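Protein sequences appear in the order of chains C and E.
So that you can map any letter, position 44 of the first sequence is 44 in our numbering, and since no number is skipped, the others follow by simple counting.
So that you can map any letter, position 49 of the second sequence is 49 in our numbering, and since no number is skipped, the others follow by simple counting.
No lab work stands behind these hints: they were computed from the structure.
One or more of the hints may lead you astray.
Stated by the list, open to error - FRET-style restraints, in silico, Cβ to Cβ:
1. C:Glu157 <-> E:Arg263: 41 to 49 Å
2. C:Glu127 <-> E:Gln279: 45 to 53 Å
3. E:Thr187 <-> C:Lys142: 41 to 49 Å
4. C:Ala143 <-> E:Glu251: 51 to 59 Å
As the list claims (entries may be wrong) - Which residues of chain C face chain E? A few of them, derived with a C-beta cut under 10 Å, are:
5. Leu3
6. Gly28
7. Thr35
8. Val76
9. Ala95
10. Glu98
11. Glu100
12. Leu121
13. Leu152
14. Ile159
Please read these numbers as outputs of a predicted model, since none were measured by experiment.
Where is the CB? At the ideal position from N, CA and C, for every residue including glycine.
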Amino acid sequence: MTLSEFKSIFDQYYSPIKNFLYYKSGDGDLAEDITQDVFMKLWDKRDDVQQETVKSYLYTIANNMLLNKIKHDKVVLTFAEKQNKHQEEQSPEFALEEKEFKAELERVISAMPEKQREVFLMNRIEEMTYKEIADRLELSVKAVEKRMHGALGHIREHIKYKI
Amino acid sequence: MKKDQLIQDWLDKELSTEEKLQVEEVIEFTERLKVPDFGNSKEEAWSDLIAKIESKPSDNLRVLQPNGTKKIPWLWLVAAAIIALVAVFGYLNKGEKLTTYTASDGELATIVLPDNSTVTLNAGSTLSFKEKDFEKNRWVTLSGEAFFDVEHGEAFKVLGNHSHITVLGTSFNVYSRSNQLKVSVFTGKVQVESRGNSVIIEKEEEAQLIEGGLAVSEFNLNQTATWREGNFYFNSEPLNNVIEELERQFEIEIEVKSEIGQRFYSGFFSKTNMKEALQLVFVPMGLSIQTDGNQVIVE
């Protein structure tokens, strides 16, 4: 692997790996630190890693490195909102309701089992297909779909807030 | 909601109509979420990573002096005595040596590449390349802003954030910071590729990364890449970019207490006088300046 190949892998996977670690740990600083370590490791192993397996390799070491850190028992995730170009005028009441709704959703997602959560967020936030998620996490598509079903069931069970 | 067969099937099969509407709303809301930013940009993460790679114990450290005999307007640089070059680190691994130059804030650096092409780095910029067989394999990575004067030869590539610039022999300026990219051509032809888009631009044209692709426009040769002489021209530039340039050039920290996210600046400042530069930028914008050492408060 040359430096330019390494750079293009970094460009492509830096954010997905960092986000993946965030979905699992709920800790942004930790996610950033471990992502650095993941790419450092890839650079060290650049002569052993095959181009075709590099993405699942990255997710595997990210996962292992996170496991080696302190146990993250209570995960608290918060999210930002994507810029919406066609944002309609909102009444203050609606904005407040939406804020509460978002907080409620964050609570439900944080309480979701980790394996369901990572798949659910990779699909919803990063718009990855189930095939793509399966490739990255070295799972069967069936297994990814099962986790997705679990996530949907979890949301249905736990969401209380009605808009 | 974006089309997703699995979710749709699940909603249809598992839920009553009323419940379905509610859960659907929740799922739809998740599409608007994104992971918050945590301090470091991807660009900074890359620089950190390169620095870590270079500082590994096996590294071979040496320091070079800049060699300023090319066409670059050196006098100003020398007179201003702010050129600091910069340690050059060679990373030795299986004969693959990575050389990196960094111009810190307040500095400029000029580098003569092994093929005699020259690169001038603006403050807060980093350039890396492999010295071995450079003439056959001419590529460099850039983070920040630089002016390239490339000798004719094999294809010369500049790899930046999400971008790929290919030239044969020409001169051009590259601004590649955060998610922004702007390539301005002074002589010859340049191919710019970024996020699946590709354009070829010629003299007096510049390509800028915008949402949805690369936009090509004309620019004024006399007001672009003049940072090499310490002059900074802006034409409807986001004010935040201008502030970051002031911070890099004068090694100051500017704290803005007003909302300026959507404001644009057209104008000029020179590196010779910081006070004047701050006034030139902020007074026309109706903002006041308070200076305390290298801290500047604007409101």
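Here is what the structure says about each hint:
Distance hint for glutamate 157 (chain C) and arginine 263 (chain E): a CB-CB separation of about 47 Å, consistent with the stated range 41 to 49 Å. One distance hint, 45 to 53 Å for the beta-carbon pair glutamate 127 (chain C) and glutamine 279 (chain E), holds here, with the actual separation near 47 Å. A hinted range of 41 to 49 Å for the beta carbons of threonine 187 (chain E) and lysine 142 (chain C) is inconsistent with their spacing of about 58 Å. At roughly 53 Å, the beta carbons of alanine 143 (chain C) and glutamate 251 (chain E) sit within the given window of 51 to 59 Å.
For leucine 3 (chain C), the interface hint holds, since its Cβ comes within 10 Å of a Cβ in chain E; the closest pair sits about 6 Å apart. Interface hint at glycine 28 (chain C): satisfied, since its Cβ lies 3 Å from the closest Cβ of chain E, which is below the 10 Å cut-off. Restraint check, threonine 35 (chain C) versus chain E: the minimum CB separation of about 7 Å is within 10 Å; hint holds. The criterion of a C-beta within 10 Å of any C-beta in chain E is not met by valine 76 (chain C), whose closest approach is roughly 12 Å, and the hint is violated.
For the restraint placing alanine 95 (chain C) at the interface with chain E, the shortest Cβ-Cβ distance is roughly 14 Å, beyond the 10 Å limit, so the hint is violated. A distance limit of 10 Å between C-beta atoms decides the matter here; for glutamate 98 (chain C) the minimum to chain E is near 9 Å, and the interface restraint holds. Proximity of glutamate 100 (chain C) to chain E is violated relative to the hint, the smallest CB-CB distance being about 12 Å (cut-off 10 Å). Checking leucine 121 (chain C) against chain E: minimum C-beta separation of about 8 Å stays under 10 Å; hint holds.
Checking leucine 152 (chain C) against chain E: minimum C-beta separation of about 5 Å stays under 10 Å; hint holds. About 6 Å separates the beta-carbon of isoleucine 159 (chain C) from the nearest beta-carbon of chain E, less than 10 Å, and the hint is met.
Checked against the numbered hints given earlier, the structure breaks hints 3, 8, 9 and 11 and satisfies all the rest.
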